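Colleague: For reference, the chains in residue letters:
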Amino acid sequence: MEDYKFLFKVVLVGNAGVGKTCLVRRFTQGLFPPGQGATIGVDFMIKTVEVDGEKVKLQIWDTAGQERFRSITQSYYRSAHALILVYDISCQPTFDCLPDWLREIEEYANNKVLRILVGNKTDREDREIPRHIGEDFAQRHGMYFLETSAKEAENVERLFMEIAVELMEQAKCKELPKYDGSLGPINGKTTSVGDSSCCLRS
Amino acid sequence: MSLALLLEEYDVSTEEGLAKALSEIEKEEAEVDEALSSALLRACDLEGRLRTASQAYSRLGEIRNDAHSASDMVDKTAALAKDVSAKVRQLDLARSRVAECQRRVHDLIDLQLCSAGVEAAIKAHDYETGAGHVARFLSMDPGSVAAARARGAPDPRHAMTRAADTLREHLVRKFEEAARKDDAENVERLFKLFPQIGRAEEGVDLLAKYIAAQVSAGCARVLRDLERARPLDPGNPKRAPASALAAEPVLVELAKAHNTILLYFAFLRRNVQMDGVDEKTKQTNQEAIEKIIAESGLMRTAQDLLGHYLKLERYFLEENVNKALKMATPQAGSTTSNLVDDIFFIARKSIRRSVTTGSVEGVCAVLNEAGALVERGAAALRRWLRPAPEPVRWPLPPNVAPAPALALAAPALPRLYKDADAQRELFLAHMNEAESGAEWSERLAAEACEWGSSLSGGEGARERLISCAGGLAGAAGAYRAALELAQSALRAALAPPAHAWAARLAAPARADPPEELEEDADALPQALDVLVEDLRASLSPRCADHVLTGLLNDLADTTEARILQNHYDMPAPGRVGGQLRPGGARTHRATEAGRRPPSAGAAAPRRARAAARTRPGHTGAQVTTPSS
Ligand SMILES: Nc1nc2c(ncn2[C@@H]2O[C@H](COP(=O)(O)OP(=O)(O)OP(=O)(O)O)[C@@H](O)[C@H]2O)c(=O)[nH]1
Ligand SMILES: [Mg+2]
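These protein sequence lines are chains G and Y, in that order. Residue 1 is where the first sequence starts when you use the UniProt record's numbering, and the numbers rise one by one after that. Residue 1 is where the second sequence starts when you use the UniProt record's numbering, and the numbers rise one by one after that.
One chain only, chain G, in its complex shape (with noise of 0.2 Å):
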């Protein structure tokens, strides 16, 4: 078995061509993809990084912001420790769109889920969404606030150590985890996958 303590899964959401799929490579390939096509369905990488010396492996779903694939995506809500909502900073349009996911998100995420709002495309000079129209939404809406460029890769590792470091305190807090019926986002979920999948074993 795999030597990690804390295992949590991040699901990236956003409408399509904002830059999820790049932000992911950015942050476990190290590049930026050129050409990079539209996402099917989903896609799942893992990256396993360090926390105050503990082994954290975050699952990463990125999946697809085309309308058809709504469906398969929003089966992935549920289980995420954290949801990155993406939006890019020179298309208004996806900044707009922002209300949607956020009622996606309501009905299909565990509330307790972290939520983080993400401006990505910073590099670009045609920006249409100044930074303060994005940090002001997403404190309205209690969720964090971060604007990035996966092509420069600004912002990128700090936006996942971040959720990483968040997640783990968060974990911490609940050591002695009791059940508490309401699908804690973090208690049990650690040990479920490390542990207790039958799948993993074999």
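Note that these hints are calculated values from the structure, not bench results.
Once the Cα atoms are required to be at most 30 Å apart in a straight line, the calculated DSSO-like pairs of lysine-lysine come out as: (1) Y:K311 x G:K112; (2) G:K174 x G:K5; (3) Y:K323 x G:K112; (4) Y:K209 x Y:K192; (5) G:K57 x G:K151; (6) Y:K280 x Y:K209; (7) G:K55 x G:K174; (8) Y:K291 x G:K151; (9) G:K174 x G:K47; (10) G:K112 x Y:K326; (11) Y:K326 x Y:K311; (12) Y:K280 x Y:K291.
Between beta-carbon pairs, the in silico distance windows are: (13) Y:E295 x G:K47: 30 to 38 Å; (14) Y:S334 x G:Q66: 42 to 50 Å; (15) Y:E176 x G:E107: 50 to 58 Å; (16) Y:N322 x G:Q66: 29 to 37 Å; (17) G:R124 x Y:R300: 25 to 33 Å; (18) Y:R189 x G:G37: 42 to 50 Å; (19) G:A38 x Y:D183: 40 to 48 Å; (20) G:A16 x Y:N271: 26 to 34 Å; (21) Y:E176 x G:L31: 50 to 58 Å; (22) Y:N186 x G:G37: 41 to 49 Å.
It should be emphasised that the depicted structure is a prediction, and the values quoted were computed from it without experimental measurement. Ideal Cβ placement from N, Cα and C applies to all residues, glycine included.
On the provided structure of chain G, position chain Y with the ligands as indicated by the hints.
Modeller: Coordinates of chain Y with the ligands only, in the frame set by chain G:
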């Protein structure tokens, strides 16, 4: 030695010298005589040899004459042989010419037969024979035909070509007919004849057209399915299915249609791989076909189908689980529950169906949905297991008034039932359900991995499947939590008798008569038997064992605490020990018995539970009847 020398050497003047010379002369004479006689002997021998030589010489002359005549003969023979071999060569040539002649004659005969044969075969619808004739014609030596023409015969090729053309027309017409009728067997049979009549390309074109038509017919069916399914939109009240039941046949169709498209894509990929080309071309072809597939309208259709299927499958799961929850909601007097069986039956059905979509993507999404719903079952059980039940029967020690202790112990939670027995039984039934829910979650997850392992889903498909199945297996934690909650509730509810027994066991002094004390020693074992029987009657062996162990630990702890608090007089320790010993023995026996292997536990929760229910007869044997 000459005489002069001899005379010089010897002194012939003396008699002695003379005598010496004489003897020397005599010696010489003897030697000469001897040499003479040997020479004479050789003369004889030489004579004989000379004779032989002269004879041989005369024979040699004869031989020379013979050799001369032999050499003449050889020369003559050689000339003759040369002559013969030239004749043989001529003969060979003649024979091969005859063979060729024969072949041409055969060809010419066949040619006539062929054109006639093709016509006959066409008439008899025996296209195989017809094509065989044409194949024969095509394999013929062009020389034969030319030769026939050179002799002034009418060019036989005209008739043959005409016949071949007629056959081709027939084949094409028949092929198209078979294709129209979707008669795959004949399509294949006819397709194989085209290469024989030298029209392989045309055959391939026809087959391609046929397959294309088939695919588009398949698409049309898929679209029809889509149209049929589309009115069923759970999100739209006007088009919502009448019931989860109504959604089922559509779900089956949608999954099948999706799978059909995937199979077609797999077929295309396979065909590209099969072509006998080099690696590089293969790679290019592979990429080209992937691009074609990815950008095809059919791929879009498949994605739409899967999306629609999932939406409807989620609806199916939700509706059915809602129904199961509603039916299982405790009613006054109900003592059994089927919630877990129902929920897992539904979940299993959906997961199985998702496998028939042919895609890991679909299985993963349904696993996610099923995981969520299965956890709702655990949450419901948790809710129902929260109110502590009336305690299972653990008789109080003799002379202890039950009322105040029990009133104190009963948690001040709203009572759902009037009937305490029914309530207790339902509580225990729910405990069993929580236990089998945990088992089912893990088992179903393992099954899903197995079912899905045969599906191809690109790289990382297996990891995704395992992760999503892990989510479902994780629901086991929720069920176990509910079970633990119930177990501690049960222990809490049984705290009053435990305390009463502890107090009695550790009592420092009692003025009871000895025979009463004797009876007293049996009281705890008997009370425990009642409890064991009660638990075993309703709980699975493992569950009952767990509760019992907990209770007995509680009892031991409380008693120990009491003993440490109390003050004892001299005879007390002996008496306390006497009371504890049989209790301890019984305790041991009870937990040992509980450790019997659970019958078919993990394999079939429903049966395991039924088995647990039929246990009382079994455990009854443990009860020791009072000797009074
Ligand atoms: N300038 C700039 N371009 C970016 C950045 N991130 C992504 N892109 C470009 O945006 C396009 C879409 O990126 P993807 O990562 O495929 O977008 P996505 O959100 O995964 O899209 P879907 O999979 O369809 O939901 C690509 O052409 C990327 O090159 C960025 O930080 N800066
Ligand atoms: Mg993408």
